[in-house]
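Engineer: With chain X held as given, fit chain W onto it using these hints.
Chains as they are written, first to last, in this note's numbering: chain X, 1 to 159; chain W, 1 to 540.
Treat the hints as calculated values from the structure; they're not laboratory data.
Here a beta-carbon is modelled for each residue, glycine too, at the ideal position from N, C-alpha and C.
Treat each hint with caution, since some may be false.
[Said to hold, decoys possible] If we take Cβ atoms under 7 Å as the criterion, some of the chain W residues that face chain X in the derived model are:
no., residue
1, ASN9
2, ARG330
3, ALA332
[Claimed, not checked] Okay, derived cross-link-like pairs now, EDC-like style, lysine to aspartate or glutamate, Cα gap no bigger than 16 Å in a straight line:
no., chain 1, residue 1, chain 2, residue 2
4, X, LYS132, W, ASP11
5, W, LYS382, W, GLU528
6, W, LYS274, W, ASP54
7, X, LYS132, W, ASP2
8, W, LYS524, W, ASP446
9, W, LYS413, W, ASP11
One-letter residues, chain by chain:
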Amino acid sequence: MMGLLSIALAFLGGIASGVLLVRLMTDRPRWMGVVALVIMLVGIIGGVVFGFPASPAGRGLFIFGVVSALTAWTVAAPRLTSVILWSMVAALLGSSALAVIIPGNFLAVGIGVALAVSFIWVGFQFWCYWDKHGWRVASGLIAISVISGIIAFTVPPSV
Amino acid sequence: MDRARHIRNYDLHSWAGITLGLIVYLVCFSGSFAMFHYEIKTWEDPAARIAVSDNPADINEVYLDWLNETVGSSEIENLSFSFPTAHAPYYSAFVRYHDENDAHVNERQRWDPNTAAPLATPWREGGLSEWIRDFHRDFMWPNILGGRTIGRSLVGIVGIVLMLAILSGVIAHTKIREEAYSMRLKRSQRLKWQDSHKVVGIWGLPFFSMIAFTGAYLGVIVIIAQLVSAIAFKGDIERLVELVLGAPVEASGQQVQMISLDELRTMQHPESGKHPISVNMRNYGDAVAEFDVLYHGGNTLRHFETVRMSGALDNSTPPTPVRQEFATGRIADAVAPLHYGTYGGIWLKFLYFFLGMGMAVVTALGSMMWIERRKHGNEGTKSLTFYNRLGYFNTGIVMGLPVATLSIFYLDKLYAGAETGRILATGWTFFAVWALGLVYAWVRRDDYRTTRELLILTGSLAAGIWILNGTVTGQWFFQYLGAGHSSAAWVDVMMLIGGLVSIAAGLLSPAERLDKQARRAKAKALAEATEMEQASLPAE
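Isolated chain X (complex conformation) (with noise of 0.2 Å):
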C-alpha cells in the first residue's frame, strides 16, 4: 500500500512539477529552465544511483523525473509531444485494450490488431495536425492511453 502511496506521490508530483517548471522556462529569465532541466535529471538520475527499479525511494525519484519531464515537454509542446510520443503510446495501450475486449480466439484477433497497430498510430499521429487545437489532441491522446491501460491491464484476455 505504502508502495503504490509512494508512485502515487511521485507520480501527481512530477506533473505539478512539469507544469510548474514550464511556466519558469516561459514566464522567467532562461537561467531558471536550466534549473528545472537540473531537477528533472537529479530525479532521473537520482532514481537510478537510489537503486531504481527495486527500491522504493529509488522508484519515487526517478518516476517523479521521468513524469515532470514528459509534462513538462507536453505542456511546452503538445503537438509535438503527441506526433512523437503520446501517439505511439495510445496505439500501443489502446491495442492491447482492443486485443483484450474483442471476443473470439486471442491469436486470430491478436494478429488483427497487430495487422491494425499500425494504421492506428499513423491515425493518431495525423489527427495532431489535422486538429488546430494542440491541446485538444494531447488530452485525448493521453486519455486514450489511460483508459486503455486501466482495460488492458485489468481485463483478462479471451482465450
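Structural biologist: Here is chain W on its own, set in the frame of chain X:
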C-alpha cells in the same frame, strides 16, 4: 479543407520528409538491392556457382555420424537441416546443445551435394550479401547501442513515417488527377523536380503504400505485437507462448529410429508438389519426435509452407500442413511475400527494384525541393550559406550511397584478410566511401555538378563489375549465362546495363545547371561574398 488545416497538413508532410527523408531514402535504396540478396550471394561465392543435380548424394548416414560425433550424449536444444537449393547448393546442418559445462554451443556443417563429403573450411562468409540484406533490415545496428532489435525497430518506424508522409502527401495534393499527368520538362529545374516527385509518387502510390505498411509490420509492429500480447496477458509470457506456439511436447525417453533425411528430401508437398528446402526437428531420436518440413511458398502469398509430421519411422500419423486458417492469419502470412516479392519470379523482383528506386527518388527529390524552396523562395528564415550547406550534405548523402554500395562489390572480390573479418571490412569500406562522397559534395560546392559526377562514377563502378568478377574468378558472364547456376552472370549483366544507363544519363545532361534559379543563386552568392569583403575592409 480550410487554409490553416491545409498549411498544417503540408507542414506535416514536409517535416516528416525532411527530418526522416534521408533515412527513408536509405531504407528504400538499400531495400532495392536487398531484393537480390540470393543472387548476390551466388555472385560473391564462386564455390556456390554449381548446378544442383536432381539426384544428389545420400546424406543420412553421414549426417548421423556427424551429429553423434558433435553432440554425443549432450542435450539438444535446436536441430535443423537444409537441403541443397540453387542459391545454397550444399547440404547444411545446424545444432545447438548444452555441453557438459552447461554452456550453449552452436555447431554447423556443410556437405557437397554430389559426393556428401564435408566442405572444406573456412566457408566463405557472406560479407557483401549479408551487409546488403541486413543494412536494409536493421542498419547492422551495433550491440553496444542495443543490438539488431533496436535497428529493426528503427527501420519499422521509418515505415510508419513513410505511411504518414504518404497520407499527408495525398491530402496535400488537392489536384491529384491533373498532377498525375503534369511533367513540364522545358521549365525550371525546380519545377522538373516537383513534377517528377508528384508523378512518380502518384503512379507508385499503391506499391509505396504496400511497402510502407509491410515494412512497418515486419520491422516494428512484430516487436510491438509481442509487447501488446504481453500487456494483454499481464506479463504471463509462458501462457502466451503456449497459446501461440502450443504446449511443448516432453521427450518420452524411448529411443526409436528416425525417418531418413534422404526420404524426407523426396517428400513432395501434398498440394504444390514441391520438394522440401529444410526441416526443423524437435526431440530427435525420441518416440515423440516432431519434424516441421519447410517448402518454398512458390507463387502463393506465403513465404513458406510448413508440414508437421512425426519424426519416428514407424509412426503412421499423416503429415499435417501448419496454417493459420483464420482471415487475419492469412493476411499476416501474406505480409512477408508482399514485401520481399517472393510470390513471382525474377521479373517481379526487377519490377520491385524499379519501384523501390522510384520511392528512393521521390524522397530524395522531396528533400531537394525543400532546400531549393528555401534557397530561392520566400519560405526560408536562414541565410543562403546555411541552405547551401544543407544542400551539400543532402547531395553527399544521396549520391554517396550508390557509390558506397557498389564499392563493397569491389571490396568483396579484392579482400585478402580472414573470413571472420570480412563483414567488418565491408562495413568500414561502405561508411568510408560514403563519407568520401559527403566530403566531395562539400568540397565541390555545387549540388548539380556533384550529382552529375557521382552519377557517372556510380555508372562506371557498376559497369566495371563484370570485369572485376571475370578477372578475379576467371568466370566471364558470357560463358555461363545459360548454365544451371547463372545468377552470378545475370548480376554482371544487369550491373553492366544499369551502369551504362547511368553513365549515359550523366554524360547527356548539361555540364552545369542552366535555369534562372541557378543564375540568381550565383548572383546572390557573389553579392553576399562582395558584401562580406567590403565589411572586412578597414573604414577610410
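Engineer: All hints, please: hold or fail.
Structural biologist: Hint by hint, here is what the structure shows:
no.: 1; hint: ASN9; result: holds, 6 Å
no.: 2; hint: ARG330; result: violated, 10 Å
no.: 3; hint: ALA332; result: holds, 5 Å
no.: 4; hint: X:LYS132 with W:ASP11; result: holds, 13 Å
no.: 5; hint: W:LYS382 with W:GLU528; result: holds, 14 Å
no.: 6; hint: W:LYS274 with W:ASP54; result: holds, 13 Å
no.: 7; hint: X:LYS132 with W:ASP2; result: holds, 11 Å
no.: 8; hint: W:LYS524 with W:ASP446; result: holds, 14 Å
no.: 9; hint: W:LYS413 with W:ASP11; result: violated, 46 Å
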